[in-house]
Structures are given as structure tokens and as C-alpha cells.
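Number of protein chains: 2
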Amino acid sequence: MLATLITVGDEILIGQIVDTNSAWMAQELNKIGVQVNEIITTSDDKDSMISAFAKAESQSDIVLITGGLGPTKDDVTKLTLAEYFDDTLVKNEEVLEHVKYLFEHYVKKPMEALNENQALVPSKAKLLKNSYGTAPGMWLERNNTIFISMPGVPFEMKHLMSEHVLPEIKKIGNLPFIYHRTIITAGVGESTIATKIADWENALPIDIKLAYLPSLGTVRLRLSCIGAQEEEVKQRVDSQVERLYELIGDIVVGEGNDNSLAVQVTELFKKSGKSLSTAESCTGGKIANLLTEIPGASQIFKGSTVTYATQSKVDVLGVDASIIEKHSVVSAPVAQAMAAAAQKIFKSDYAIATTGNAGPSKGDSDAQVGTVFIGIATPTNTYAKEFFMGNHRERVVQKSVNKAFEMLQQEILKSL
Amino acid sequence: MLATLITVGDEILIGQIVDTNSAWMAQELNKIGVQVNEIITTSDDKDSMISAFAKAESQSDIVLITGGLGPTKDDVTKLTLAEYFDDTLVKNEEVLEHVKYLFEHYVKKPMEALNENQALVPSKAKLLKNSYGTAPGMWLERNNTIFISMPGVPFEMKHLMSEHVLPEIKKIGNLPFIYHRTIITAGVGESTIATKIADWENALPIDIKLAYLPSLGTVRLRLSCIGAQEEEVKQRVDSQVERLYELIGDIVVGEGNDNSLAVQVTELFKKSGKSLSTAESCTGGKIANLLTEIPGASQIFKGSTVTYATQSKVDVLGVDASIIEKHSVVSAPVAQAMAAAAQKIFKSDYAIATTGNAGPSKGDSDAQVGTVFIGIATPTNTYAKEFFMGNHRERVVQKSVNKAFEMLQQEILKSL
Numbered sequence: 001m002l003a004t005l006i007t008v009g010d011e012i013l014i015g016q017i018v019d020t021n022s023a024w025m026a027q028e029l030n031k032i033g034v035q036v037n038e039i040i041t042t043s044d045d046k047d048s049m050i051s052a053f054a055k056a057e058s059q060s061d062i063v064l065i066t067g068g069l070g071p072t073k074d075d076v077t078k079l080t081l082a083e084y085f086d087d088t089l090v091k092n093e094e095v096l097e098h099v100k101y102l103f104e105h106y107v108k109k110p111m112e113a114l115n116e117n118q119a120l121v122p123s124k125a126k127l128l129k130n131s132y133g134t135a136p137g138m139w140l141e142r143n144n145t146i147f148i149s150m151p152g153v154p155f156e157m158k159h160l161m162s163e164h165v166l167p168e169i170k171k172i173g174n175l176p177f178i179y180h181r182t183i184i185t186a187g188v189g190e191s192t193i194a195t196k197i198a199d200w201e202n203a204l205p206i207d208i209k210l211a212y213l214p215s216l217g218t219v220r221l222r223l224s225c226i227g228a229q230e231e232e233v234k235q236r237v238d239s240q241v242e243r244l245y246e247l248i249g250d251i252v253v254g255e256g257n258d259n260s261l262a263v264q265v266t267e268l269f270k271k272s273g274k275s276l277s278t279a280e281s282c283t284g285g286k287i288a289n290l291l292t293e294i295p296g297a298s299q300i301f302k303g304s305t306v307t308y309a310t311q312s313k314v315d316v317l318g319v320d321a322s323i324i325e326k327h328s329v330v331s332a333p334v335a336q337a338m339a340a341a342a343q344k345i346f347k348s349d350y351a352i353a354t355t356g357n358a359g360p361s362k363g364d365s366d367a368q369v370g371t372v373f374i375g376i377a378t379p380t381n382t383y384a385k386e387f388f389m390g391n392h393r394e395r396v397v398q399k400s401v402n403k404a405f406e407m408l409q410q411e412i413l414k415s416l
Numbered sequence: 001m002l003a004t005l006i007t008v009g010d011e012i013l014i015g016q017i018v019d020t021n022s023a024w025m026a027q028e029l030n031k032i033g034v035q036v037n038e039i040i041t042t043s044d045d046k047d048s049m050i051s052a053f054a055k056a057e058s059q060s061d062i063v064l065i066t067g068g069l070g071p072t073k074d075d076v077t078k079l080t081l082a083e084y085f086d087d088t089l090v091k092n093e094e095v096l097e098h099v100k101y102l103f104e105h106y107v108k109k110p111m112e113a114l115n116e117n118q119a120l121v122p123s124k125a126k127l128l129k130n131s132y133g134t135a136p137g138m139w140l141e142r143n144n145t146i147f148i149s150m151p152g153v154p155f156e157m158k159h160l161m162s163e164h165v166l167p168e169i170k171k172i173g174n175l176p177f178i179y180h181r182t183i184i185t186a187g188v189g190e191s192t193i194a195t196k197i198a199d200w201e202n203a204l205p206i207d208i209k210l211a212y213l214p215s216l217g218t219v220r221l222r223l224s225c226i227g228a229q230e231e232e233v234k235q236r237v238d239s240q241v242e243r244l245y246e247l248i249g250d251i252v253v254g255e256g257n258d259n260s261l262a263v264q265v266t267e268l269f270k271k272s273g274k275s276l277s278t279a280e281s282c283t284g285g286k287i288a289n290l291l292t293e294i295p296g297a298s299q300i301f302k303g304s305t306v307t308y309a310t311q312s313k314v315d316v317l318g319v320d321a322s323i324i325e326k327h328s329v330v331s332a333p334v335a336q337a338m339a340a341a342a343q344k345i346f347k348s349d350y351a352i353a354t355t356g357n358a359g360p361s362k363g364d365s366d367a368q369v370g371t372v373f374i375g376i377a378t379p380t381n382t383y384a385k386e387f388f389m390g391n392h393r394e395r396v397v398q399k400s401v402n403k404a405f406e407m408l409q410q411e412i413l414k415s416l
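If you're matching them up, the sequences are chains A and B in order.
Each residue of the first sequence is one higher than the one before, counting from 1 in full-length UniProt numbering.
Each residue of the second sequence is one higher than the one before, counting from 1 in full-length UniProt numbering.
Note that these hints are calculated values from the structure, not bench results.
All C-beta atoms in this analysis are idealised placements derived from N, C-alpha and C, irrespective of residue type, glycine included.
Incorrect hints may appear among the rest.
[Stated by the list, open to error] DSSO-like mimics (lysine-lysine), calculated; alpha carbons at most 30 Å apart, straight line:
1) B:K270 <-> A:K109
2) B:K347 <-> A:K344
3) B:K385 <-> B:K326
4) B:K73 <-> A:K399
5) A:K399 <-> B:K385
6) A:K234 <-> B:K158
7) B:K270 <-> B:K158
8) A:K31 <-> B:K46
9) A:K414 <-> A:K385
10) A:K196 <-> B:K100
11) A:K399 <-> B:K100
12) A:K46 <-> B:K270
13) B:K100 <-> B:K46
14) B:K31 <-> B:K109
15) B:K109 <-> A:K385
16) B:K73 <-> B:K158
17) A:K91 <-> A:K171
[Unchecked claim] To spell it out: a stretch of chain A is covered by chain B in this simulated footprint if at least three of its residues, at any positions, have a beta carbon under 8 Å from a beta carbon of chain B; those stretches are:
18) 13-24
19) 101-112
20) 209-216
So here's chain A without its partners, still in its complex pose (with noise of 0.2 Å):
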């Protein structure tokens, strides 16, 4: 089963925001046996809607659209449904009570009558239950074709989903099995591994597709397949996947579907009972920040530190302000002693520090803009490395929380 995906919203074609929905409806979908063909994110205008709508229609079983419900004049996603289906819109009264609850018990002021539209919608769509906005899902089908339509605030799309669409998808039946195993490593170019593996990629049978996800010192490589047996299409990647191990296991540096080196240490220190802090400086707590992202983060991260300043690394990490004054506050024994000031202060069994240049100019140091000294504390050892990251501001960031997390899974595979 096919599904495009339409993002309604000028914000987006400005590049006022990012679309987030369709990464995550894409997830979604996959796991129930729906495959994205396409994403189309179009303009708060009819005629790139109708345009829009009927590309997806003519390539895909089910449409989602997402955006353009709310009350104001700039939203016309209804209207146009309207006009698709050749439909006209008819006053909910169920939908005007929903709405109308809503103010009474959430905003807790008096409903504008502009909130009525809410409960304006296409006689011939089937409705879905919205309790956390206003705008209802709405159902309709055209040639075979199903049309969902929803409003683009992420909680509320994310809630209409696994509420209403995903269950009813489902039970349309007859969904395949879609399967993806994505294998991080670390350290090699794409072009090595690609010519490493070359036998092993030219005998994977033709409905096990392979990508190369090249990303920052990293490569990913997902195997995808379709099949109507889950147990068959995992045990046929699997093996797959083992061979592949065989070829570069050297060279693995971890599993998982998302992009996120931060979710394999997490586990890892999980099943190692120990625990984490930080203390960062150019990095700016994004490694924390990536760290309590996770849920269930408090089970082994202690805390962080940012020490911008040189002077807080003295005062609030008690770094010896003879060790910066010696060596400048982007060194090795800098980042050491953050890693080791930051493992005493939150008790912690292990942590990591960062100082360096992230640029555009130079800060309280002389080390060259895209200089990053990285500081790992173990139960057992500290010690620092340095890196040189380019000079584009956040490639040396993202570079530097790679490399942290990195260093990170090499000390902490070692205890278990």
C-alpha cells in the first residue's frame, strides 16, 4: 500500500519552519506496512492544493494531508477538499459542542464565533474525534483513493494517528511487512566500504535494497525489504546483515533506525549500571541535550555543566586556574581536568568534556578556529584527544558531540 503525504503551509516554503510531521508519519506508516512514495508540501493557494491532490491521487492508495485547518482566513485546506470532492461543507453539531467544550474547560475564555468554522465540514467526509483541537480529522475516498486530511500542530496530528488513522489503515488488511536495519559506522568513507563489500552488495537478492548514509565522520547503511511474512523478511535481512558483519564488524560502531548516536550509549551505560555526566564547553550542552531527549535519561545521566566562560570553569568546575593559565583554555589538560572536575561534582562513574574553538572568531583562546579538545573520566583512567573539526561553526559542533558520544561507546563497551 502506497501513501503520499502533502504538507500544507506557506511557513515551510519560506523556510520559516522545518517539516517534522512527515518524518514521523514516514515511521509510523512503515511500521504498519505503508510505504511513502512521496512528499509534497504545497502552498495555502487552491490551485497548488488541487494540483497537489491529484498527483498523489494518481500514484497512491491513501493521501495525507496535514495543515491549513485552523479558524483564520489563511487556511483553505478544507475549502478546497470541498471542491475536490465536489462537496459542499455542512455545520457539525457534534464537532460545535467538541469545540465548544474546549474553550469552556481548556482556554477557559469565551469562544469566538470564528471558532464556529470549526465545525464547518464536507458533508461526505467521515469525521475523526480531535480531542485536542479543534480541527476534526476528515476521511473521504475518490477512485480508490483515500483522503485524510488533519491539522499540521504536531501533538495533535501525532494524536489523530495512532488514535484513528493507524488503527483504521490497519484495518483495511493486507499489509505487507516493512523491515529496516541500519548498521552505524564510524571512521571509513563510503567509497571504501562500498568497494569492501561490492560481492556481498551484488549478490543481495533484488528486493533487499541497500543505502549508503554518509553523515559527519559516520556512514549508515540500511537494508530495507517489503514481504507479506514478517518472520521470513527479518530472518532474510538478518543473515544478510550478518555476512556484513563479517566483511567490516571492524568498523561498526553501533545499530539502530534513527540517526542518533546518543540513543546506543544510553543503552549501553543502561546495561552497565553506570553512570554519566558532562561538562562542555563548545558544545554548548548539546550533548546533554541530546542525552535528556531521551526518555528514561535520569537512569544514568547525572548532569551537565556549561562552562562558556573561562572564568566558570574555574568557579563552578573547580578547574585549577593554573592549568588554564599554563596551557590556554583550549588544551588537552583543560579538557581533562573539566571531565575529571565534572565526574567529581556530580559523582558520576564517567564523563566527558569539551573545549575548543567552534568559531566564526577566535574566544578567550589562540587555538585556531575548528580546534576541539575532547575529555573522557572513566572509573579507571582520564585522559583528552584532540581534534581539528573545519571552521564552519556547527559542523565543528555536531562533529565534536559525535566524536564525544564516539569515545563514550568505546570506554563504555570496554565494562561490559
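Place chain B on chain A using the hints.
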């Protein structure tokens, strides 16, 4: 001039990564007067790409394609482009030399034969030199539509856009001026705002578009206009904004083309010459992280602690353990003590602190999931406020971050 963006990659269609390239490209194109009318994400598959190319060609002057230019087998953009343009791939010696140069100087490993494929390009293409990668940009024209293909690696794409694509498009000339101005409001819903400004909105000139962008306690109002004369366009929009301020100036908390209150607050701190630190618990460092993402953050931001574990609030911040015992770790006195402690140890003029239960399960406190206390320390005062942020982890964190910036903004405004 209209542009369609095409992003090639199964990794986006399965939700493995979020497309962030398009937002950046759209912003940059807008700046030179090019409007994006659609963004299409398509599969690494010839037929899907060709259908996207055809739709894009039918509706726009420029088609910007990113992704699918790697040396490995899963990348087929170049082959598909050659087919679409009825062209063949030929070896380009200059590109080959460049690829060899990159391997020699940066990768510092012998070049795999596979990379020679990077020098195969459609014979009709004008090449755009990619200094940072092996895949050159390609410029092709057909039926008055320009097709430009670039790698999907954000860093390489941005380089090609800045150095070649945008300057070349500008040369075509006769581009209009596109102007967006976004006013950020807080505390009032979109329907209330819409009702309040209805007369003004109804009287807006037809070419000035108004959009409502509601998000977690804020509503942004964006006015957009396109015209031949920069000065005239600006003046017309600005005078509308002036009238808007007369109507709802009391709920405006800032302005800006991005989503971020952090930028507003940073600007205000710079203006006032004051410094800031944070002591975060439930927000996990997100406040510090947003601040340090802004270039020049070190001018105002002293540092941060993330004291996730209760004990580290005592050990690292020096919060009095008896306060925690008496009031529980999620309480106003603790938030206040954390803010005061951060202000002290970081020697900053202002400090903001968060403590709460983001969920899904309760941590070291009995407070209901969603309860958050935000403490603030100013040069003259220290206080904390209680909030109930709902029971969805991500939203609790995001709302808390927004609220923290709102409180900081209110306080720093008093000093100006």
C-alpha cells in the same frame, strides 16, 4: 520567478532523517526574489524522480534538486537526469582531477576506483565546482526551465548555493523583492487575535498576505509581500505593521523571521550589556543549547548547569539540601534557589532555573507530571512561578523553554 525544490532520498521517505535543506534553500531563494511554490521529496527511483521532474518543470522556472549524487549504487539522480534530458554521461577530466585532489589532500587515503564515477556527468550540463565534495553541481536547461542538481550533504549544498547557484540566478535579472515580517505574540489564541484585528485584516491590500502561526503559547503573525521596488514593498508592509501594533501591541513579545525567542532575548541582553546563566533540570540544557546556537552567544551567556539528579542540585549548584527536603525538589523555593545559585557561581547578572516533572514517569518528586517551576534571579530580585504544562514530555520541555525566555524577556526589558 518560481522554484520547485526536489529532495531525493528514501531516508526521508521512511522518516530516518528530516529534510532541513529545503528550509535553508527557501530562505536564501526568498532573499534574492525567488519564490518556492512546492517542495517534493521523492524516492531514489528513476520513475518517481522523472514524475517529480515533470511536475516541477510544468509549474516553475527553476528546479533545484538535492541528493542522490554519491558514488554508490543506490544513488541514481545523475543517471535519471541524463535520461530526462535525453543525454549521456561523459567523463570530465577537470572533475576527475578535483576528486583525486580531494583524496590526496583531505581523505589522505588512496582513491577507490568507484570515485571515478563522480567524474561522469551529463554532456549538456554546465558544471558548478564543489570545492568540498566529489559531486559537482550541474546546471541544465530545457523549455525555459533551469534544472540544478546538487549533493544532499547540507554543507556541500550550502556551498554550491552560495558560491554558484544564487549568484547565477541573480544574473538572470528582473527579480522582484520579497519581504516577510513576523510579529510574535504570546498568551492569546489565534481566534481571539483574528477577531480583534478583523477589520484591519479585511482591509489589507490584496498583495499583502497575512498568516497565523500558532505554536505552544505563542502566535506569530506573518505579513508577506512581493513587488518590484524594495523601498515601496517595505514601506507598505511596515505601515500595516504599525497599525497592527496599535491593535495588539500589548501582546507582542518580539519580532523576527525565525521561531526563536532565544534570538530576541539574546539581542535584548546584548543591548543592555547584561549577562545570563541557566540552571536547568527538566529542560535538560535546552535553554543553554538554544542560546549557544546563536553566534556571539559568549558575549552574554556565562554558562549553565543541568542538574538532573536531585543530589547534584546540592553538590553542583550549592542549593541548600534542607530546602529540597522541606519543599520537594519540584517546588518554587528550589527553582528560586537554583536561579540564585547559578547567578552566584557563574557571576551573571541574570539567571533562569527550571525544575519540574516532564514525564512520562515521576522522578525524584511527587509533583504531578507536567508541573514545572521556573525561577529567575535578576540584579534586584529573585522569584519563581508555577506552571502546568500538560503531560506530554516533549511539549512540557518546549513550553517550559518558551516560558523561561518569556520571563527573561520581561525582566530584561525593565533594564532597558
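Structure-based check of each hint:
no.	hint	result
1	B:K270 <-> A:K109	violated, 37 Å
2	B:K347 <-> A:K344	holds, 22 Å
3	B:K385 <-> B:K326	holds, 18 Å
4	B:K73 <-> A:K399	holds, 27 Å
5	A:K399 <-> B:K385	violated, 38 Å
6	A:K234 <-> B:K158	violated, 39 Å
7	B:K270 <-> B:K158	holds, 29 Å
8	A:K31 <-> B:K46	holds, 25 Å
9	A:K414 <-> A:K385	holds, 18 Å
10	A:K196 <-> B:K100	holds, 19 Å
11	A:K399 <-> B:K100	holds, 24 Å
12	A:K46 <-> B:K270	violated, 44 Å
13	B:K100 <-> B:K46	holds, 29 Å
14	B:K31 <-> B:K109	violated, 40 Å
15	B:K109 <-> A:K385	holds, 22 Å
16	B:K73 <-> B:K158	holds, 24 Å
17	A:K91 <-> A:K171	holds, 29 Å
18	13-24	holds (count 11)
19	101-112	holds (count 4)
20	209-216	holds (count 7)
Hint violations for this structure: numbers 1, 5, 6, 12 and 14, all remaining hints satisfied.
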